[in-house]
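S.K.: Sequence:
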Amino acid sequence: MEVIRAGKGPMRIAVTGANGDYGKLLLPRLEADPAVESILVLDTKEPEGTRKVEFHRVDLTRYDAESELTDALTERPVDALFHLAFLFGPILNGPLAHELEVIGTMNVLTAAGRAKLPRLVVPSLTATYGARGNNPALLRENSPLFGCPHSRFVNDKVEVEGQVRAFRERHPDTHTLVLRFAPLLGRSLDNPATRLLTQAVVPTLLGFDPLWQAVHEDDAGRALHLALRAEVAGEFNIVGRGVLPLSGLIRQAGAQPLPLPGPLFRAALRALGVMGAGTLPVALLDYMHYSWVADGERAESALGFVPLHHVKDAAAALRRSQS
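Numbering (full-length UniProt numbering), first residue to last: 1 to 323.
Any given hint might turn out to be false.
Below, simulated SDA-like cross-link-like pairs (lysine to any residue); rule was C-alpha separation at most 25 Å, straight line [to be verified]:
| hint | residue 1 | residue 2 |
| --- | --- | --- |
| 1 | Lys116 | Arg140 |
| 2 | Lys52 | Leu138 |
| 3 | Lys116 | Ala137 |
| 4 | Lys312 | Pro149 |
| 5 | Lys116 | Pro144 |
| 6 | Lys45 | Gly9 |
| 7 | Lys116 | Asp190 |
| 8 | Lys52 | Arg76 |
| 9 | Lys116 | Arg76 |
| 10 | Lys45 | Phe55 |
| 11 | Lys52 | Tyr63 |
| 12 | Lys24 | Ser291 |
| 13 | Lys116 | Arg152 |
Quick list of the computed label-pair ranges, beta carbon to beta carbon [to be verified]:
| hint | residue 1 | residue 2 | range |
| --- | --- | --- | --- |
| 14 | Pro245 | Pro136 | 37 to 43 Å |
| 15 | Asn142 | Phe208 | 48 to 54 Å |
| 16 | Arg140 | Ala200 | 32 to 38 Å |
| 17 | Arg57 | Pro261 | 46 to 52 Å |
| 18 | Glu54 | Arg266 | 46 to 52 Å |
| 19 | Pro259 | Thr44 | 40 to 46 Å |
| 20 | Arg187 | Thr44 | 20 to 26 Å |
| 21 | Arg51 | Asn142 | 40 to 46 Å |
| 22 | Thr44 | Glu231 | 42 to 48 Å |
| 23 | Pro34 | Ser301 | 44 to 50 Å |
| 24 | Val232 | Pro28 | 47 to 53 Å |
| 25 | Leu260 | Glu46 | 43 to 49 Å |
| 26 | Arg57 | Glu169 | 38 to 44 Å |
Bear in mind the hints are in silico, worked out from the structure with no lab data behind them.
Every residue gets a Cβ at the ideal spot worked out from N, C-alpha and C, and that includes glycine.
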């Protein structure tokens, strides 16, 4: 793991969602960063195997979360807050997921404003652009966020981005960055894309083979770490090198695509859900129908993020994790 050298003195970093996919990618890098003196984890569970962590139990869905966060962030100043408390596992309780992501983010942003934080980093998804037949060849950061009809998983992230944008306008002194990730693939991750691609046979939509991007988990961790010292703010597309048609991505992951007509395709996805496979929800059908390819140029030129892994490498790493 590379270490990004410090440009300033000892830093104190706060993190929500330390036990989630994003937190597991970022925390080891913060632990290895010699400029990071301590990590204030604001979560319901203390992460394991950490040396620098100061744990403060906070449940973002509780009525008193805002005051708990404010107290924790003002007791000792922090240099940056990574708000990473977002769900990627199978969502069995939609209202609770909404409480965590949308209401939880509202609590975090209110506390961040009161604490006058110097820096705030929030992850999002390139899926927030939506998969549509009239999408441009490359979706840039100023493209509208259409989301996905009937998908709370995606649309809650669109709502969160609106909250963060309003926060940035109200608090221009806080360096606010939003990292929009293409689907994350890797051994340690559990999200709709990894659950889809780890099936032996993956149903696809007959007559459609959209282009997909992906980010290797190592690149995703690097992007998060780079946001700690970036001199720029705003939104950034975080994508791996290259693209693959969905069928190629499936094969690269060691699975076999099974093209099905629409009604059978939906039935197959529902059957996988009933069997407990937890694969791609039927609500995300659009992403197997149309392409949504994001332009990573701004992340490279302004953030300094250059992906080391091609999309095929990310998929192949997922295949190796099954062997």
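S.K.: List in ascending order the numbers of the hints, as given earlier, that are violated by the structure.
M.R.: Violated: hints 1, 2, 3, 4, 5, 6, 7, 11, 12, 13, 14, 15, 22, 23, 24 and 26.
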